[in-house]
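Undergrad: Sequence:
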Amino acid sequence: MKTRLSGFEVLALGFMTFALFLGAGNIIFPPQVGQGAGIAFWPAALGFLVTGVGLPLLGIVAVAIVGGGLDRLTSPLPKVAAMLFGLGIYLSIGPLFALPRTGTVAFEMGMRPFIDSAPSTGLAIHSVLFFGLATLLALSPGRLVDVIGKWITPLLIFLLMVIAAATLLFPQGPLGPISESWVDAPFAQGFENGYLTMDTLASLVFGILIVSAIRERGIEDRRTLMRYTLMTGVIAATCLAAVYLPLAYMGATSHEVAAGADNGTLIPTYVQALFGPAGPVLLAVIITLACLTTAVGLLTSCGEYFHRLFPRLPYRVMVIVMGAFSALVANQGLDSLIRVSVPVLVALYPPAIALIALSMLRRQLADAPRVFSCTMGLTFAASLLDGLAASGIETLVKPASTLQAMLPLGETSFGWVLPAAAGLLLGLAISRRSGVSLDPALAD
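For any residue, its number in this note's numbering is found by taking its place in the sequence shown, counting from 1, and adding 1331.
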């Protein structure tokens, strides 16, 4: 059993973690935040960093604290609730939303600028090739750290640094005007836009990959494992923040060269203005590498989860089925995927935040099942209103919005905060009366 890792090993693990998180949403949404915020760049960027960097880091730490993956994190919940929550997360970051989005973004931002006609045919061909390669790599997960951490990520970081430096040194205009929908609460808008990266949900899944990778290097002591997990997470979080801020600044200064650009066209337009004809080529390499590494990580994690859920189906079969299904879903297009995913993520994110917070306190909680159930139950009830209000379904939007407005902070997307606090206090009160001892599953 080893007691320490070399600096190179820690750095490789940190780079692997960064590459797993740096996917489609991490590249397309920061510029959208900057574009909407304009002169309110800093509060909006800070809100985005909380959900896009801070919470994923805490999610990784929470996984290390409980010593297992999502199954261990949700073990205090009733079995049916834990299974449904797990399914919601894995389907969201897997074959329904995040996984197909990697292929769609790789096409829209990496390949589309080079295709003059028949984009639907190009997307179909690209989806088959992209997910075929991702599936092949996911079928050999043992080499994931070596390939991603030691080779792909350093190249990716270098290329992103080139774009970041050019954006900061040669902005294509001053900070633009703030959009009307961002005026009242730019921090809250940035915070909610961070949901779209899905990184907090992904941290509950990728966390066990990171912990397992550290264990494979001979680290077994719990405190040492925690320390290296935190170091790995901090490296990844620092890299993510270093990517997000320049990309958000790109969006904030884009109103002269990319006015009204949508999800898939803002960055290509801006990069071409910066680098000329070489810009699209540079961007194609970055986007393809970023999306491919994330797709491999998602296929691996989701394949292992669904294999545990349905043990009669081999891991390889799960990966192949999800890869093929994702290729089909990817052909719906980027805007459609984003539009459908928003209400689901708005409903799922607050319970995930509550789960992370409770897991970090779990060793100090008596009667964890009651505390978890009360807190997450009330949190989900409130966040479900937000999800229904964002669904775009007319018969649901109006009543959900009316109830949402009755909650304190409801109009700023933080209506779930007080219900979460009330659930925590209720659970603690019940716990105190029951006199149950600390969670035995986490006893030293």
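Hints were generated in silico from the structure; no laboratory data involved.
Among these hints, one or two may not hold up.
Computed beta-carbon distance windows for the label pairs [unchecked claim]:
hint : residue 1 : residue 2 : range
1    : 1415      : 1508      : 41 to 47 Å
2    : 1546      : 1607      : 43 to 49 Å
3    : 1645      : 1553      : 45 to 51 Å
4    : 1590      : 1402      : 26 to 32 Å
5    : 1726      : 1590      : 32 to 38 Å
6    : 1648      : 1415      : 31 to 37 Å
Don't be surprised by glycine CBs; every beta carbon is placed ideally from N, CA and C.
Undergrad: Is the distance from the Cβ of residue 1546 to the Cβ of residue 1607 consistent with 43 to 49 Å?
TA: holds, 48 Å
Undergrad: If I claimed the Cβ atoms of residue 1648 and residue 1415 lie 31 to 37 Å apart, would that claim hold in this structure?
TA: Taking Cβ atoms as reference, residue 1648 and residue 1415 lie about 23 Å apart, which means the hint is violated.
Undergrad: Could you say whether the range 32 to 38 Å given as a hint is met by the Cβ separation of residue 1726 and residue 1590?
TA: holds, 35 Å
Undergrad: Can you tell me whether the CB distance of residue 1590 to residue 1402 sits inside 26 to 32 Å?
TA: violated, 47 Å
Undergrad: Starting from the hint 41 to 47 Å, judge whether the C-beta atoms of residue 1415 and residue 1508 obey it.
TA: At roughly 43 Å between Cβ atoms, residue 1508 and residue 1415 fall inside 41 to 47 Å, so the hint holds.
Undergrad: Given the range 45 to 51 Å, decide if the beta-carbon distance of residue 1645 to residue 1553 lies inside it.
TA: violated, 32 Å
Violated hints for the displayed structure, listed by number in ascending order: 3, 4, 6.
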